[in-house]
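Visitor: With the hints as your guide, set chain B onto chain A.
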Amino acid sequence: MTRTVLTVDDSRTMRDMLRMALAGAGFNVVEAVDGEHGLEVLSAHRPDVIITDINMPKLDGFGFIEAVRVDDDYRAIPILVLTTESDPAKKDRARRAGATGWIVKPFNPEKLVDAIRRVAA
Amino acid sequence: MDELEAIKVTFFQECEELLADLEGGLLAMQDGNDDGDTVNAVFRAVHSIKGGAGAFGLEPLVRFAHVFETLLDAVRSNEVPATPDLVVTLLRASDVLADHVSSARGLGVVDEAVSAAMAAELKACTDPNAAPAPVAAPVVEAAAFEAAPVAAAPAEALIGADDALDDDDLGFDFQPMTITIDEQAADVAAAVGNVWTVSIRPKSDLYRKANETALLLRELARLGPIEATLDASAIPPLDLLDAEAAYATWTVRLETEEDETAIREVFEFVDGDCDLEITRGEGLNPDAALAALLAGEAPAAAPAAPVAVAEIPAPVVVEAAPEPVAVAPVVEAAPAPVAAPVAQAAPVAAAPAAAKTQQIDVPGPGQSVIRVDPERIDRLIDLVGELVINQAMLAQRVGEYGIAPSSNLAMGLDELEQLTREIQDSVMAIRAQPVKSVFQRMPRLVREVASMTGKQARLVMDGENTEVDKTVIERLSDPITHMLRNAIDHGLESPEERKAAGKNPEGVVRLAALHRSGRIVIEVSDDGKGINRERVHSIAIKKGLISPELQLTDEEIDNLIFLPGFSTADKISDVSGRGVGMDVVKRSVQALGGRISITSRPGQGSTFTLSLPLTLAVLDGMVVDVAGETLVVPLAAIVESLRPKPEEVRPLGPVGSVLAVRDSFVPLIDVGLTLGYREASPPPTEGVVLLVEGEDGSRAALVADAIHGQRQVVIKSLEQNYQQVDGVAAATILGDGRVALILDVDAVISLRRREPPRPVEPTLIAAE
Numbered sequence: 002m003t004r005t006v007l008t009v010d011d012s013r014t015m016r017d018m019l020r021m022a023l024a025g026a027g028f029n030v031v032e033a034v035d036g037e038h039g040l041e042v043l044s045a046h047r048p049d050v051i052i053t054d055i056n057m058p059k060l061d062g063f064g065f066i067e068a069v070r071v072d073d074d075y076r077a078i079p080i081l082v083l084t085t086e087s088d089p090a091k092k093d094r095a096r097r098a099g100a101t102g103w104i105v106k107p108f109n110p111e112k113l114v115d116a117i118r119r120v121a122a
Numbered sequence: 033m034d035e036l037e038a039i040k041v042t043f044f045q046e047c048e049e050l051l052a053d054l055e056g057g058l059l060a061m062q063d064g065n066d067d068g069d070t071v072n073a074v075f076r077a078v079h080s081i082k083g084g085a086g087a088f089g090l091e092p093l094v095r096f097a098h099v100f101e102t103l104l105d106a107v108r109s110n111e112v113p114a115t116p117d118l119v120v121t122l123l124r125a126s127d128v129l130a131d132h133v134s135s136a137r138g139l140g141v142v143d144e145a146v147s148a149a150m151a152a153e154l155k156a157c158t159d160p161n162a163a164p165a166p167v168a169a170p171v172v173e174a175a176a177f178e179a180a181p182v183a184a185a186p187a188e189a190l191i192g193a194d195d196a197l198d199d200d201d202l203g204f205d206f207q208p209m210t211i212t213i214d215e216q217a218a219d220v221a222a223a224v225g226n227v228w229t230v231s232i233r234p235k236s237d238l239y240r241k242a243n244e245t246a247l248l249l250r251e252l253a254r255l256g257p258i259e260a261t262l263d264a265s266a267i268p269p270l271d272l273l274d275a276e277a278a279y280a281t282w283t284v285r286l287e288t289e290e291d292e293t294a295i296r297e298v299f300e301f302v303d304g305d306c307d308l309e310i311t312r313g314e315g316l317n318p319d320a321a322l323a324a325l326l327a328g329e330a331p332a333a334a335p336a337a338p339v340a341v342a343e344i345p346a347p348v349v350v351e352a353a354p355e356p357v358a359v360a361p362v363v364e365a366a367p368a369p370v371a372a373p374v375a376q377a378a379p380v381a382a383a384p385a386a387a388k389t390q391q392i393d394v395p396g397p398g399q400s401v402i403r404v405d406p407e408r409i410d411r412l413i414d415l416v417g418e419l420v421i422n423q424a425m426l427a428q429r430v431g432e433y434g435i436a437p438s439s440n441l442a443m444g445l446d447e448l449e450q451l452t453r454e455i456q457d458s459v460m461a462i463r464a465q466p467v468k469s470v471f472q473r474m475p476r477l478v479r480e481v482a483s484m485t486g487k488q489a490r491l492v493m494d495g496e497n498t499e500v501d502k503t504v505i506e507r508l509s510d511p512i513t514h515m516l517r518n519a520i521d522h523g524l525e526s527p528e529e530r531k532a533a534g535k536n537p538e539g540v541v542r543l544a545a546l547h548r549s550g551r552i553v554i555e556v557s558d559d560g561k562g563i564n565r566e567r568v569h570s571i572a573i574k575k576g577l578i579s580p581e582l583q584l585t586d587e588e589i590d591n592l593i594f595l596p597g598f599s600t601a602d603k604i605s606d607v608s609g610r611g612v613g614m615d616v617v618k619r620s621v622q623a624l625g626g627r628i629s630i631t632s633r634p635g636q637g638s639t640f641t642l643s644l645p646l647t648l649a650v651l652d653g654m655v656v657d658v659a660g661e662t663l664v665v666p667l668a669a670i671v672e673s674l675r676p677k678p679e680e681v682r683p684l685g686p687v688g689s690v691l692a693v694r695d696s697f698v699p700l701i702d703v704g705l706t707l708g709y710r711e712a713s714p715p716p717t718e719g720v721v722l723l724v725e726g727e728d729g730s731r732a733a734l735v736a737d738a739i740h741g742q743r744q745v746v747i748k749s750l751e752q753n754y755q756q757v758d759g760v761a762a763a764t765i766l767g768d769g770r771v772a773l774i775l776d777v778d779a780v781i782s783l784r785r786r787e788p789p790r791p792v793e794p795t796l797i798a799a800e
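Protein chains in written order, with the numbering used here: chain A, 2 to 122; chain B, 33 to 800.
Read the hints as simulated data drawn from the structure, not as lab findings.
Hints may be right or wrong, so weigh each one.
[Said to hold, decoys possible] Subject to a maximum C-alpha distance of 16 Å in a straight line, what follows is the list of computed EDC-like cross-link-like pairs (lysine to aspartate or glutamate):
1) A:K59 <-> B:D69
2) A:K92 <-> B:D303
3) B:K502 <-> B:D457
4) B:K502 <-> B:D414
5) A:K112 <-> B:E300
6) B:K155 <-> B:E111
7) B:K235 <-> B:D263
8) B:K468 <-> B:D105
9) A:K112 <-> B:E111
10) A:K91 <-> B:D105
[As the list claims (entries may be wrong)] Stretch by stretch, here's where chain A covers chain B in the computed footprint (C-beta under 8 Å, at least three residues):
11) 115-128
12) 463-472
As the structure is a computational prediction, the values presented were derived from the model and not from experiment.
Note that CB positions come from ideal geometry on N, CA and C, so glycine has one too.
Isolated chain A, as found in the complex:
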């Protein structure tokens, strides 16, 4: 069965990059432009994996992850944090919020798919 990945990123470039890499690997991709939008799309599509940016308007990645984790329907969905942050504190904060894993930008498609495989059943 085709897995669905939700990508949440305010950058169109990054969403397009993700879509290219993921669609190329056979995933179904749904997109959201910020955390708030991500929560809306989440309920409409029930993705198997979520990939989210941290710095976003409206609701940032931390808030988005926390919101997903407190929802009994979605808390089992693995979330990968996609970020260029070189600051370990940010990564730790994302983990405390409930991130399953992370991908350091810039990523290559193999690495991305690899990370998804590691967290997705």
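Guide: What follows is chain B alone, placed relative to chain A:
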């Protein structure tokens, strides 16, 4: 790779938007509006540019953006106060960043010295106390895996760290460090072979983050055959069991060619969320194994007997702890005492898998914008243009049959015309865009020009959302740029002069856009000293542009600056005097069917007003006959049409004549003569006169043979299809399928002016 190239195009589009956001945010901060949202948006803009640039390996851009971002991060977290000085620095940095983007796009070159100096300045702002620091430090930290051999990893890691941002393998690929202690240790390695023992004791946090022991085992199995043993002894009786807690401990025997780093990598995401022990050999640590070897004993076998063995690759998973988030399928293989909780947990497990089939890729709410290839719209506009022509043709044919206007056919045709017009307007609206995209480039220009000329200038913008056809927008940039340069360089006084004149040392330059009677009007005004008419007048005389005895009104003097060869600057400055005068601006504006004018009040400033048609695709025109040729005169230029009476026509000089229109005289111009259709003009009284007004407000009476009526015509560029012709703006196709030329009214007026002998009219004499 086409797809990647397409994304790159998107990236640069996005960069433009982000740069605009960045500048807008910084300007808001400059106005004292530095709430958290603004700073965050500013940070995000640079952050996103860096992120995308990294994906495309645009290293200089990444590097500069990184330094910029670091400072903005510090500002965002209030470590560095956003003083007005700092915001000015940030604005300059945004300009350099924009240069880097252009350079990455292949549209320019970054001045490396400027960029390096800016980067150094940003670093100094970020941490005033720091020596020019190794940027690498935080990157290395991030890459360092807790247990990775950091201490042993020597200089290379640090040397390479500067490029670490672009290193795809960052954080994933540390080279193994083989540390040979002595021969006996090597023997140990040989004795234990490639067998590792991995002990995993998950904490509840591991599950809370949607990590999964089963997946960890599956990953381990990718390294080599595994044998997993569950120690379920810690699982309490059912009534004491906490569903959210983790009780199980796994011991895995792994046979692999890979090293310890590769094994640890499997647990990267759960680092700290489980107790992890990795030892070489069969469940013994190397020291013990060494001791055993020394004692001449074989290494002990693995401890407890396996309760369950996971098949590889594993959907087969032993799930002992009742994890409500467990993922199906689950095989129940736990020992008897804990059978009940597992059974309880199982039904929950299937849930997440359920709703997967009905997923359709529907754009989420909020995505109400469609992106369309501009070529498609251009094609649509072209087609609608053809439709307009076709409709006109049809109307003409029907007219030729003498069908009554009240007939059903004629009425149907009228409706068709209405619809055609509406379609045309709607299609044009698709291509209409706010002038914002041009306006937002201007604050930087004003900053640069002001600093170059030593003036203090503040730009006030109005009507950025005024919409105009995309083709017009693209051509607005140059004239606006020039007018703004001119306003600061020539219009505004130096701060000292301004103070002396009792003005605010900071001059205000206003850029405004508005719609006025079917045209877009751009105004550029300054509160400077206004045009020095005496000087303009004397320069014009000195340069031979006008004759000294000519009496000119103030307005006419102001308009002298549009004459070719006129430049008011005493010395050519870097800024305005690029060999381009206002005459060039005027010509380029006129080429677009626009006009430009100036008003000025001494001591109070000047205003340049630029008016352009909203679209370059269609035109309302008057169709006239001249010497057997059909011409279209733009309706915008026509004031009125009339049939001259003999007594209104007065000869002037040997060939010229003027027309008395009410209280004034206007020169009569025979279009046929001017365009070279005929050698001699018929008497004006036999034809029709179109009273037209040029861009500068000067009037003329164009003589044509007959008027056919008013028509909307589709403009077809003459330059693209043939070549530029003096006096002709463009061409069109008429209802009967014939090509007609569209008259360039200003050019016709000035063509005629240039013709000797010169009439003694109170207009300017253009120097050749």
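Visitor: If a hint holds in the structure, say so; if it doesn't, say that too.
Guide: Going through the hints against the structure:
For the suggested pair K59 of chain A and D69 of chain B, the alpha carbons sit about 9 Å apart, so the restraint of at most 16 Å is met. As the CA atoms of K92 of chain A and D303 of chain B are separated by approximately 12 Å, the hinted pair is consistent with the 16 Å bound. Between K502 of chain B and D457 of chain B the alpha-carbon distance is near 14 Å, which keeps this suggested pair within the 16 Å criterion. For the hint pairing K502 of chain B with D414 of chain B, the CA-to-CA distance comes to about 14 Å; that is within 16 Å, so the pair holds.
Of the pairs offered as hints, the one joining K112 of chain A and E300 of chain B holds, with about 14 Å between alpha carbons and a cut-off of 16 Å not exceeded. A distance of roughly 13 Å separates the Cα atoms of K155 of chain B and E111 of chain B; the hinted pair therefore holds under the 16 Å criterion. In summary, the hint linking K235 of chain B to D263 of chain B is supported, as the alpha carbons are separated by about 14 Å, within the 16 Å threshold. For the given pair, K468 of chain B sits about 28 Å from D105 of chain B by alpha-carbon distance, which is inconsistent with the 16 Å threshold.
The suggested pairing of K112 of chain A with E111 of chain B is violated, with an alpha-carbon distance near 35 Å, which exceeds 16 Å. Taken as a hint, the K91 of chain A and D105 of chain B pair is honoured in the structure, with Cα atoms around 12 Å apart against an allowance of 16 Å. Only residues whose beta carbon comes within less than 8 Å of a beta carbon in chain A count, and the region 115-128 of chain B has 0; fewer than three means the coverage is violated. Given a C-beta distance limit of less than 8 Å, the hint that chain A covers the region 463-472 of chain B is violated, as 0 residues qualify and 3 are needed.
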